[in-house]
Amino acid sequence: MNSPALIRKWKGCLFLWIPVLLWLTFILFPYGWMLITSLKPPHELYTSPIKYLPSVYTFEGYRLLLETTDFPRFFANSLVVVAGTLLITGVFATSAAYCFSRINFRGKGKFFGLFLATQMFPAVLLVFSLFFIMRKLGILNTRLALIIAHSTFSLPFTTWLLTGFFNAIPRELDEAAIIDGASRWQTFWHVLAPLAAPGLIAGLTYVFIYSWNEFVYALTFTADISARTLPVGLHTFMGEYIIRWDLLTAGGVLTGLPIVVFFMLVQRYLVQGLTAGAVKG
Amino acid sequence: MVRPVNKKERQLPFLLLGPALLLMALIVAYPLLQALRLSLFQVSLLKPDAAQFVGMDNYRSLLKDPLFLRSVLNSVMWILGSVSLQFTVGMLGALILNKDFPGRGLVRGLSLIPWATSGVLVALMWTWMLDGNYGVLNDILVKLNIIGQYQPWLAMPTSLGGVIAANVWQGAPFFAVMLLAAIQGVPLELYEAAYIDGANKFNQFWRITVPLIMPTIMITTMLRIIWTANYMDLVLVMTGGGPGQASITLPVLAYITAYERLRVGQGTAMAVLQALMLMVALSLYLKLLQGKEEGGFII
Amino acid sequence: MKRKAVVLVLALLLINTAFAYGATTVKYLLWLDDPTDRTVHDLVDKFNALHPDINVVMETVPLSNYYDQLLMAISAGAGPDAARFKDWWLGAFHDADLLEDLSPYLEDWPGRDDVIDELWSTGMIPGVDGVYMMPHQFITFYMYYRADWFKEAGLQPPKTFADFLAAAKALTNPAENRYGFGLRGGSGGQDQWLAFMVAGGARIVDEQGNIVINSPKAVEVNQWYIDLFKQHKVAPPSAPTDAYPQVTGAFQAGNTAMMAHHVGSSVMMTQALGREKVGVLPIPSADPAKPATMGTMSGNVVFSTSDVKGAAFKFISWLSETEAMDKWSKSRQGQLPVLKSVAGQEFYVDNEFFKVSIEGGNYAVVWPPLPGVGYVSAYVWQNTMQRALLGEITSKQMLDEIAAALKEAN
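Residue numbers (my numbering), protein chains in the order written: chain A, 4 to 284; chain B, 69 to 367; chain C, 9 to 418.
The set of hints was computed from the structure by calculation and includes no laboratory data.
Keep in mind that a hint or two might mislead.
[As the list claims (entries may be wrong)] Okay, the calculated bits of chain B under chain A, using three or more residues with CB under 8 angstroms as the criterion: (1) 89-99; (2) 190-199; (3) 239-250.
Glycine included, every Cβ here is placed at the ideal spot set by N, Cα and C.
All chains should be modelled from the sequences, with the hints used to inform the complete structure.
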């Protein structure tokens, strides 16, 4: 008999796998329902009593989505806009956060207030003035307009979040590096950036999802399909008297995937203990 | 202390902050000022040239409007309900995802799905699941004997609760990811030391984890409060503010006023009032969390 | 020298005009009801090929945000030249002087006499001369009923309000989650509500243009409609917020026995339930001698701000000519054609759904072009209807609020 091992096994089940399963159920249930719906033939969408699984699985919704609509184009546009936004926000937010965390200058608090102000209004009430600006800049109907808008509105939170992560890193560390003759850039790149990696990952994930899902600006600045992104594309599947559930659900399922893949790739940098050595130093 | 010493050093803040500030000045400053200005006018988007200056009238009439007051009340419930539940569920999620188990990368990736789903789809799927005639949640709850018969969740005076449920689902992963990242920043040695001192898991969490991730908690909850206050896609699609006025929130009312009632000035005034109320609420919240430290936005 | 210069200037002018003439661009804004359907794209290509001097550029906006986007573009001075348009918006846009009167252009338009006469009024403003919207695609409300259930219960399809209520009561069985009528209290429900209101003998405005939606007659009919849910409980408990997906879903799932809609959903319904189970009949009326229903026009307008009104009119009028009309109406996003030459075709006459709809056109009532209609249909109706259904306000209070909002100038 190996009862302590058995107890540990049971404990592992109770405290690890049950919570994991509950979490997954919570996360995946509505998405799973969407996935099943996307595979149902249209006449099985509404049934009473409810039929959980389709009698025939059909990929017709996916085929129509990819072959007869502009979905692939919207998808590509979304990827371009997200990439541009990630780049701009990533660079600008990191440098601004470094500045807030490591350099003393007057009026810091005011700048934070300014950053916050950008988030205070619902987009629908800013958008007509922004439309005017984008028109003056001559970039309506381009992906650049969206990259600029998305970068602007995702900067404040990302900067603020990163400032918190930089602040958590003891200043003695970069001072030591500077005393050793390292430049600011070297200090940042070799000392701060690796330690703040989890914050950077979290921040960029936020930027990715914000830009990927943003609707109001994407709708207003793109009147034709050349620059249109996914969320607007999904809305076009709802007409006056026609709701294309097949396209909507298939589109919804596909829209979620790039973010899952993105996060699976970057989550490995979320590793505990990177700061461990740092504190001793 | 790293201090600005020479000229180059003194210019550094401008160099580092410059791009971000320039972008904001270019893109946000004008719309914000324009919004403040518009809130003093009676104006329709159809007749932008016929704007009439009315001073504070838009604000005065709002404070007397029962529908506006109702929407403020709903907004408070919407924000408190959504953010507190999102945070709680997200924290549990972060603690789960922080454990080491096979397949963790995949589970972490899948955890982002609700957050990654666009608002309109979340709204449509949840409306479908909560449907009073053929909704799958009704079916499950009846089969589990939790409710006796199907409930028209979104047609009841408590419909805001149904919308909050959808919002909790969509928003919890945001907190899970942010808190997970923050937990990674807590040095392991601290836990080891506490373990040696005989602190149990709960104490470790409460005494070590929470204080150290406090900056992230504050930043994320504050921004989330603002975003939730302005978030209207779910309400708009799921209930349209109804039944009656049961779930109308402030941005929804502002949107309807500006675009359907064609009173942009009044709609904007609502948003300005909301921004003011948020600022007051948030500075109280900051004081509460930071305790003795004097306000300010730096954490 | 001098002469050379003059020739040069003239030549330049000529090239210039020729160039400008060759490139008259018409910006046309529209929503698509089904993005997989390429009919509209094909029509635009065809028009451009037929008219080398005009280049129509389509811009599509999802319907859910169509009105805001149109407003925004116009307020920024970047509005389109022509647009697909609903009769609900006419009042507000006309009030802001944004719509071009089409009557001078119509004088030379060959299709003029082919348009079903009654339908011209959907583009007109009472008391104002002129036509502001080109009729294009029309719908009228009718009723679907479960033919199989009616047969089983030995019921006749109802023609009067009294029969309708009796049938709805007979087919309601909450224990089986089955209800007589799919009342739509949520978004978009004002159209079927109006169908029942006018079928009951109420009107929004009288012949002089006075708002009479809160008249005693209207209050009575509205009370009858509210009581379907409140007193007789022949509508599902979710009715107050049910919108299009819920109402059509419940009918397809077998939760409701009757529902009001129009030809736009007929293919979906017959596919889901089978043709033999789906019956169609005109909206019942209080007095069978005075049938009425609700109709709504999706037409096309030219904006007064456009610099190319002539070309814009050429395009939207071409859309309302026989060939283009026929194609659009038969496409997946098609509604009722507004031309006699098309509506008389076998395709429409032989199809029962189209037939009932087109007959409805003879007595259909549309939302009047008052500036407040957009606001009422987007919000006030829904808000007050739901409160009335839940018993928070009376029928009279509901209609008073609607009347006030209709009168509201902006």
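Quick rundown of the hints versus the structure:
1. 89-99: holds (count 8)
2. 190-199: holds (count 6)
3. 239-250: This one holds; 8 residues, not fewer than the three required, reach chain A with a Cβ under 8 angstroms.
Checked against the numbered hints listed earlier, the structure breaks none of them; every hint is satisfied.
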